[in-house]
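Take 48 as the starting number for the sequence shown in the numbering used here and just add one per residue.
Please keep in mind that the hints were generated in silico from the structure rather than gathered at the bench.
Where a beta carbon is used, it is the ideal one built from N, C-alpha and C, also for glycine.
Errors might be hidden in some of the hints.
Using C-beta positions, here's what the derived DEER-type ranges look like [claimed, not checked]:
| # | residue 1 | residue 2 | range |
| --- | --- | --- | --- |
| 1 | Gly119 | Asp55 | 38 to 48 Å |
| 2 | Pro180 | Ser88 | 11 to 21 Å |
| 3 | Gly75 | Ile204 | 33 to 43 Å |
| 4 | Leu105 | Phe210 | 34 to 44 Å |
| 5 | Gly75 | Arg128 | 27 to 37 Å |
| 6 | Gln76 | Arg222 | 32 to 42 Å |
| 7 | Arg190 | Glu104 | 36 to 46 Å |
| 8 | Cys221 | Ala183 | 37 to 47 Å |
| 9 | Val129 | Asp215 | 29 to 39 Å |
| 10 | Arg196 | Leu105 | 31 to 41 Å |
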Amino acid sequence: MIETTGDDRRFPAALADVARAEFDYDEGQGVDFEPYDAFDSAEETTDWLRHWTGNHELDGGDYRVFGQDGTGGLAAIWCVRVGRPLTEQPVVFMGSEGERGVVAGNLSDFLWVLADGFGPMEAALYAEREARPDGALAELAGRHAVTPRRAGRDIVIEAQAEFPSFSDDIDELCR
48 MIETTGDDRR FPAALADVAR AEFDYDEGQG VDFEPYDAFD SAEETTDWLR
98 HWTGNHELDG GDYRVFGQDG TGGLAAIWCV RVGRPLTEQP VVFMGSEGER
148 GVVAGNLSDF LWVLADGFGP MEAALYAERE ARPDGALAEL AGRHAVTPRR
198 AGRDIVIEAQ AEFPSFSDDI DELCR
C-alpha cells in the first residue's frame, strides 16, 4: 500500500468542476452521484475502508475518495499505478453493501463516462444500461479530458478488463 502520510491529496481541477456540476437523479433513472469539493482525509478513508472490509489493519492510502451515491457508496481514485499522478490512476466505486467495480482507467476517461450519463455506481454496476448524454458534462469533459471522447460503456469495459482482479483483491482485504 501507499503510505498515507505525505501522499498527494491535491484535488484535481477537473474534480473541482465536477463538484459544481448538476446531476439529475431523475427518480432513480438518472445519475446517483454527489461529488465532493475535496478528497476525504486519509484518516476518514482509512476508517471507512476498515469498517467496509472488516479488516482493521488496513490503511486507506491507496484511495482518494471524491464522492458518494445516495446510499453512501463511494467513488475514489485508486492509486495502483506506482509513480503516476492521480489523474492517471483508475476510478473505482465501492458500494455501501459491498458492491464494487472499476469505473474508468483514468480521470480523463471518467469525465467522458459522466458525460455519457453514468455516475460511478451506474458505470460500475449497470454499464449495459442506455446512455443518457449530458451536454453540460460533455462540455466539462471537453475542457479537461486528455483522452478522446468514447462511449461510456466502452470506457468501463476497457477499464474493467485492465483491472480484472479489483473485486477479488477487495475480497482478499476482507479476510
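Evaluation of the provided hints:
For the hinted restraint 38 to 48 Å between Gly119 and Asp55, the CB-CB distance of approximately 25 Å leaves it violated. For the hinted restraint 11 to 21 Å between Pro180 and Ser88, the CB-CB distance of approximately 34 Å leaves it violated. In this structure the hint that Gly75 and Ile204 lie 33 to 43 Å apart at CB is violated, the actual value being about 24 Å. A hinted range of 34 to 44 Å for the beta carbons of Leu105 and Phe210 is inconsistent with their spacing of about 19 Å.
The supplied range of 27 to 37 Å is met by Gly75 and Arg128, whose beta-carbon atoms lie about 34 Å from each other. For Gln76 and Arg222, the hinted distance range of 32 to 42 Å is satisfied, since their beta carbons lie about 37 Å from each other. The given range of 36 to 46 Å is respected by Arg190 and Glu104, whose C-beta atoms sit roughly 41 Å from each other. At about 38 Å, the beta-carbon gap between Cys221 and Ala183 stays in the expected band of 37 to 47 Å.
Val129 and Asp215 have their C-beta atoms about 20 Å apart, which leaves the hinted 29 to 39 Å range violated. Range check, Arg196 to Leu105: Cβ separation about 36 Å, and the 31 to 41 Å hint holds.
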